[in-house]
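Every letter in the sequence shown is one number past the one before it in the numbering used here, and letter 30, counting from 1, is 777.
Think of the hints as simulated: they come from the structure by calculation, not from any bench.
Take the hints with a grain of salt, since some may be wrong.
Unchecked claim - Between beta-carbon pairs, the in silico distance windows are: (1) Gly-767 <-> Thr-801: 51 to 61 Å; (2) Val-805 <-> Leu-784: 20 to 30 Å; (3) Gln-749 <-> Ser-785: 41 to 51 Å; (4) Ile-792 <-> Thr-752: 19 to 29 Å; (5) Val-754 <-> Ile-792: 19 to 29 Å; (6) Val-802 <-> Pro-778: 32 to 42 Å; (7) Ile-792 <-> Glu-760: 31 to 41 Å; (8) Tyr-774 <-> Ile-810: 50 to 60 Å; (9) Pro-782 <-> Gly-803: 22 to 32 Å.
A virtual CB, placed ideally from N, CA and C, is assigned to each residue, including glycine.
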Amino acid sequence: MQTQTLVLTCKVEDFDASTGQCSAPFYSHPPTLFPYLSVTDGLQIAFAIVGTWTVGVVARLIIRTTQLESRNNSY
């Protein structure tokens, strides 16, 4: 059986800065570094990253090819 870790938290609007007290504290799950993603959300992000890199590599190859052709034609 897994144990769940809960932390005592307070909403900003419930916190009184002058007294340092929270008027409505509650327990919730601790924040995570990365949000929970479904498999489809993860795949969409992965394909977006791969697609961006693919466009960049193709653009780089086109630029290099045109630069080489212009250098060869100038001689």
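Kindly confirm whether 19 to 29 Å is satisfied by the beta carbon distance between Ile-792 and Thr-752. holds (27 Å)
Between Ile-792 and Glu-760, is the Cβ distance one that fits in 31 to 41 Å? holds (32 Å)
Okay, Val-754 versus Ile-792 on CB: inside 19 to 29 Å? Holds - the Cβ-Cβ distance for Val-754 and Ile-792, about 28 Å, lies within 19 to 29 Å.
When you take the CB atoms of Val-802 and Pro-778, is the distance between them in 32 to 42 Å? holds (34 Å)
22 to 32 Å was suggested as the range; check whether the CB atoms of Pro-782 and Gly-803 agree with it. holds (26 Å)
Between Tyr-774 and Ile-810, does the beta-carbon spacing fit 50 to 60 Å? holds (56 Å)
Measuring from beta carbon to beta carbon, are Gly-767 and Thr-801 in 51 to 61 Å? Given range 51 to 61 Å: holds, Cβ gap about 53 Å.
Would you say the C-beta atoms of Val-805 and Leu-784 sit inside 20 to 30 Å of each other? The hinted range 20 to 30 Å holds for Val-805 and Leu-784, with Cβ atoms some 28 Å apart.
The hint says 41 to 51 Å between Gln-749 and Ser-785; measuring C-beta to C-beta, is that right? violated (21 Å)
Consistency with the previously given hints fails for number 3 only.
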